[in-house]
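Novice: If you want the building blocks of each chain, they are given just below.
Number of protein chains: 2
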Amino acid sequence: MSKDRIVLVTQNKHKLAEITSLFNEYKISFDTTDLEKLEIRSQNVKSIAIAAAKHAYETLQRPVVVDDTGFFVEALNNFPGSYAAYVLQTIDCAGILRLLEGEKNRNAKFVTAVAFCDHNHLEVFLGEMTGTVSQKPSGKGGFGYDPIFIPEGYSQTYAELSFSEKVRISHRTRAFRAFLEWKTHIPDNP
Amino acid sequence: MSKDRIVLVTQNKHKLAEITSLFNEYKISFDTTDLEKLEIRSQNVKSIAIAAAKHAYETLQRPVVVDDTGFFVEALNNFPGSYAAYVLQTIDCAGILRLLEGEKNRNAKFVTAVAFCDHNHLEVFLGEMTGTVSQKPSGKGGFGYDPIFIPEGYSQTYAELSFSEKVRISHRTRAFRAFLEWKTHIPDNP
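Protein chains in written order, with my numbering: chain A, 1 to 190; chain B, 1 to 190.
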């Protein structure tokens with residue numbers, strides 16, 4: 001195991017599955033870690049990812065990648081935003097649907113920030129997907145808010161898409177692809 | 001202005017009004033500050049208050065008091081918990097009531113942690129008030145979730161009580177009183 005290999009700081013198996021297929025495509029390998037991602041309190045996923053990447057780099061002294069995703073519902077003043085994970089654990093998708101009962105504006109978006117930190121770099125990459133919140137949960141794929149999110153240009157929820165289709169189009173993919181493109185084109189030893 | 005006077009780290013005017021009357025009772029004076037309270041992401045108000053007090057002490061180099069309050073609704077898996085302020089800014093009391101529509105279990109509690117930090121001490125004091133979430137908002141007093149919280153043993157919401165009655169019984173008062181009792185009984189120069 002080389003000390004130059006990237007460490008991906010997440011324990012979420014669904015995320016890992018999505019990300020692994022992308023890294024493979026770019027022929028970039030990575031290790032996982034037991035280190036928990038530092039979570040600062042902020043409404044900005046970019047700041048959260050940057051703080052977590054700095055902390056992981058300082059702790060592990062290896063190149064690290066950390067991502068953070070927010071889910072922003074327009075009619076709810078962008079709730080749950082960067083507290084998406086906590087809200088999922090408590091009131092869940094059912095809570096979001098209940099808060100939107102009778103609401104015509106169902107616009108929502110996912111935003112992922114991917115932060116990379118090593119000895120020479122601290123970079124952050126964003127990926128976004130706009131769409132709408134469905135009337136009821138549908139589909140068994142994906143995780144998190146996937147059963148209630150219909151991406152723009154689609155009539156199905158993220159959870160109804162096939163794994164490969166979701167990975168092809170998702171907010172997370174967009175952010176990781178931006179990172180992987182950048183990583184592929186920087187010199188190894190700047 | 002003495003460097004030994006306590007600095008209270010809050011910009012919330014409602015809180016300040018409640019706390020000032022308590023400090024007066026104990027003949028302990030304090031200064032305010034523009035310093036923003038550090039907010040770590042945690043579901044534990046005690047940890048949040050301690051981290052904020054340490055940070056404020058390190059920044060100001062004066063004795064500091066910081067409080068943090070969570071609002072825990074039993075039927076919502078303790079949502080909004082320590083994210084009470086963020087949830088108020090987004091879905092507000094109306095969101096909590098909507099999430100509880102048709103729900104029989106309306107148990108809820110407020111928990112305040114007050115942390116004190118100076119050169120010699122790092123102490124934390126807790127105050128709790130159990131009660132229920134009302135069917136609709138009532139009353140014009142107080143702030144935050146006060147219009148929808150009926151403290152145990154009462155038939156009115158916090159917001160329907162007089163200012164002095166709320167200050168007499170509240171979760172915040174219990175935590176600050178614990179602190180003020182302690183502060184009154186420790187030697188000035190240990």
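Because the hints were derived from the structure by calculation, they are not lab data. Computed from a predicted model, the values in this text were never measured in an experiment. Treat the hints with caution; some may be incorrect.
Which copy? The list can't say, so a pair holds if one copy fits it or any two copies do.
In silico lysine-lysine, DSS-like type, Cα no more than 27 Å apart, as pairs [as the list claims (entries may be wrong)]: (1) Lys37 / Lys54; (2) Lys104 / Lys13; (3) Lys54 / Lys104; (4) Lys136 / Lys183; (5) Lys183 / Lys104; (6) Lys140 / Lys46; (7) Lys109 / Lys27; (8) Lys109 / Lys46; (9) Lys136 / Lys54; (10) Lys104 / Lys136; (11) Lys15 / Lys37.
Novice: All hints, please: hold or fail.
Specialist: Hint-by-hint comparison with the structure:
Taking identical chains as interchangeable, the C-alpha atoms of Lys37 and Lys54 lie at most 27 Å apart whether they share a chain (10 Å) or sit on different chains (22 Å). Proximity of Lys104 and Lys13 under a CA criterion of 27 Å is satisfied in neither setting, with 34 Å inside one chain copy and 36 Å between copies. In this assembly of identical chains, Lys54 and Lys104 lie within 27 Å of each other by CA distance neither inside one copy nor across copies; the values are 41 Å within and 46 Å between. In the homo-oligomer, the alpha carbons of Lys136 and Lys183 never lie at most 27 Å apart, since the shortest distance is 39 Å inside one protomer and 54 Å across protomers.
In the homo-oligomer, the alpha carbons of Lys183 and Lys104 never lie at most 27 Å apart, since the shortest distance is 42 Å inside one protomer and 54 Å across protomers. Proximity of Lys140 and Lys46 under a CA criterion of 27 Å is satisfied in neither setting, with 29 Å inside one chain copy and 38 Å between copies. Taking the shortest alpha-carbon separations for Lys109 and Lys27, neither the intra-copy value of 30 Å nor the inter-copy value of 52 Å comes in at or below 27 Å. Proximity of Lys109 to Lys46 under the C-alpha cut-off of 27 Å is restricted to the intra-copy arrangement: shortest distance 15 Å within a copy versus 33 Å between copies.
Within a single copy, Lys136 and Lys54 get their C-alpha atoms no closer than 39 Å, and across copies no closer than 45 Å, so neither meets the 27 Å cut-off. Taking the closest pair of Cα atoms, Lys104 and Lys136 come within 27 Å of each other both inside a single copy (14 Å) and across two copies (24 Å). In the homo-oligomer, the alpha carbons of Lys15 and Lys37 lie at most 27 Å apart inside one protomer (14 Å), although the nearest pairing across protomers, at 33 Å, exceeds that limit.
Going down the numbered hints, you'll see the structure goes against 2, 3, 4, 5, 6, 7, 9, while the others check out.
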